[in-house]
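Q: Here is what each chain is made of, one letter per residue.
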Amino acid sequence: MDMDAFNDDFKVTSKGKHKSYEIDYESLTQGAVEKLMQADIEHISGIFGVDENTASLLLRYMNWNKERLIEKYMDNAASVTSSAGISPLEPPTSQSQAPIRSSIEAFVCPICFDDSQTKTLCLSCDHTFCASCWIAYATSKIRDDQEMAIRCMAEGCSLVAPDLFVRSILEEDTTTWDRFRELVIRHFVASNPNLKYCPYPSCTHTVSCPSASSKSSLATVVPTVACGASATHKFCFGCPIDGDHRPVICGVAKMWLKKCRDDSETANWIKSNTKECSKCQSTIEKNGGCNHMTCKKCKHEFCWVCMGPWIEHGTAWYSCNRYDEKDGVDARDAQSKSRASLERYLHYYNRWANHEQSAKLSIELYSKTEKKMEEMQITSDLTWIEVQFMKKAVDEVEKCRMTLKWTYAMAYYLDKGNEKELFEDNQRDLERAVEDLSELLESPIEAENIPTLRQKVTDKTVYVQKRNEIVLEDTANGFLEGRWQWNCSVDGFD
Amino acid sequence: MASISSRRLQKELKEIKTEGCPVGITLLEAENFDKWLFSIEVMGESQYQGEAYTLMFRFPPMYPIESPAVQFVVDQTHQSPVHPHVYSNGHICASILGTDWSPVLSVVSVCVTLQSMLASCKKKERPPDNDQYVSRAPDNPKKTRFHYDDDTV
Ligand SMILES: [Zn+2]
Ligand SMILES: [Zn+2]
Ligand SMILES: [Zn+2]
Ligand SMILES: [Zn+2]
Ligand SMILES: [Zn+2]
Ligand SMILES: [Zn+2]
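Listed in order, the protein sequences are those of chains D and W. The numbers in my numbering rise by one with no breaks, and the one at position 422 of the first sequence is 422. The numbers in my numbering rise by one with no breaks, and the one at position 78 of the second sequence is 78.
None of these hints come from the bench; they were simulated from the model. In this text the structure is predicted, and so the values were computed from the model without any measurement. All C-beta atoms, glycine included, are put in the ideal place defined by N, C-alpha and C. Every clue listed holds true.
Examples of chain W residues lying across from chain D (beta carbon under 8 Å, computed): (1) Arg7; (2) Arg8; (3) Lys11; (4) Met62; (5) Pro103; (6) Val104.
So these bits of chain W aren't anywhere near chain D, every CB distance computed over 10 Å: (7) Ile16; (8) Leu27; (9) Glu29; (10) Phe57; (11) His78; (12) Gln79; (13) Val82; (14) Ser88; (15) Asn89; (16) Met117; (17) Ser120.
Please model the entire structure based on the sequences and the hints provided.
A: What follows is the structure in structure tokens.
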């Protein structure tokens with residue numbers, strides 16, 4: 001089996017290049033962002049007739065807002081220049097700007113009081129200090145305070161060291177100089193609503209996503225982006241939530257997470273890995289991702305999530321995902337009302353938390369399967385490629401469980417009615433497909449049944465992918481068409 | 001590189017010993033280059049007439065590139081002055097100890113600034129967020145990012 005044929009098994013036919021749940025964006029390396037920044041600097045330098053160091057300081061002072069800088073500069077150039085920490089005495093065209101002064105006779109540095117220092121430096125204000133004090137100061141500002149405006153050390157002097165000066169004092173310390181450049185770039189990115197820095201630690205990539213830069217756009221799209229440095233660096237351009245929260249928009253996702261934080265105590269008991277069998281009361285532990293439980297003692301088969309009999313789950317009567325809204329008839333007094341609202345919340349929270357937990361458990365379980373597969377590669381004539389179908393399936397299950405997880409946050413806030421029912425139909429179909437595949441992945445593996453298992457798993461994986469597409473696409477279309485109605489007020493909706 | 005702080009503090013100490021401190025400021029203890037204690041009194045007519053407070057300086061190895069940690073001593077025998085920028089645990093909200101610190105400032109110049117901060121006080125009262133701040137304040141005031149609401153100090 002060659003690789004292409006193998007991958008074809010998993011291909012889902014896509015209608016167009018751009019799916020409604022995907023957003024256009026571009027990932028940029030630090031070098032590419034630096035070019036954008038340089039273009040702005042050159043633009044300003046050209047208009048004002050100042051050197052690039054000065055243009056850069058002016059832009060930083062105005063948070064890279066070119067229009068406002070030009071406006072202010074035209075109004076009062078001297079005032080903007082001095083507020084930005086630039087000396088008016090500085091020549092408009094920098095020839096050498098060599099900051100290193102030759103040794104002054106018997107110079108005593110007013111900071112370290114070392115009279116043996118021969119190398120001294122100053123900005124155009126002539127406040128002179130020894131080179132080693134400048135180095136120590138700039139290094140401490142950059143490394144400890146994450147500061148990119150290196151001001152003159154004299155009290156009350158507000159001059160900012162131009163990049164050329166910083167560069168020259170950090171000559172031998174490229175790590176600090178690189179850190180300084182990163183700080184400037186981060187500031188440029190943070191000042192531009194079309195750009196966002198990758199939130200993964202020590203990653204230096206940036207994503208450009210102009211179609212999600214306004215607050216109002218976030219009511220209709222979920223801007224999930226990837227920085228391009230690594231496949232795992234997926235994040236939301238619109239909010240600080242980790243990873244991919246499709247299909248639900250940022251505002252609703254944020255509300256749901258807040259609700260979960262506020263109610264964390266009430267919901268804590270759900271997270272436990274053990275429950276009692278509803279028939280014989282013996283303790284049952286969940287150790288896989290599958291929700292189909294069989295009591296070891298009495299053989300009762302039930303659903304881990306709703307504790308209902310499993311037989312109903314395989315049929316058209318499947319409604320484990322739906323919450324039966326009791327129309328408030330039996331909720332007359334405040335106490336039963338609050339009990340009903342807690343019950344309702346727990347229905348959604350329970351399923352939300354279960355998908356997260358199940359995803360983790362199936363990954364754990366897969367590591368055992370993987371070992372077994374590796375052993376089988378040695379004992380039988382299976383190739384590496386022939387045992388990869390399980391990995392593909394587990395990855396897909398994990399991805400779909402994340403979609404399902406967020407559909408429960410969405411359903412919690414969706415208003416009763418036809419649209420919600422259709423949403424829950426799609427949710428149910430995906431959930432059933434995922435649970436089926438999940439169960440299949442936990443079936444015993446023997447070398448001789450691998451071909452049949454592979455066929456089954458591959459078929460189910462393709463089906464699960466299709467169901468996931470439908471949920472993502474239909475929900476995204478619903479946002480674009482304004483189809484979703486909420487049972488509370490949501491940012492960006494009337 | 002020999003510790004920048006020790007050479008600088010040696011020099012400051014020598015100056016204090018030869019030239020003395022300004023009126024109302026007395027060096028109480030300077031046995032090492034980690035911690036110094038001063039007594040501060042406001043001279044002339046003020047809210048703090050006849051009161052003396054103890055000011056503690058703790059020096060990081062990068063002093064004076066980095067600012068010293070400065071606070072009033074508070075224990076069984078010492079209290080911090082009641083002042084809108086001084087917390088009851090002795091921490092001080094003053095921009096020269098934070099963002100406006102300059103390496104050319106010295107221990108004595110900090111003492112003088114804090115002395116005049118007390119002298120100009122019109123009404124003895126604690127900062128409005130005193131209880132809230134003190135209950136969760138770090139041991140080292142430098143770990144707090146103060147919000148300098150008033151530039152007169
Ligand atoms: Zn020096
Ligand atoms: Zn200066
Ligand atoms: Zn990244
Ligand atoms: Zn988001
Ligand atoms: Zn049982
Ligand atoms: Zn169920």
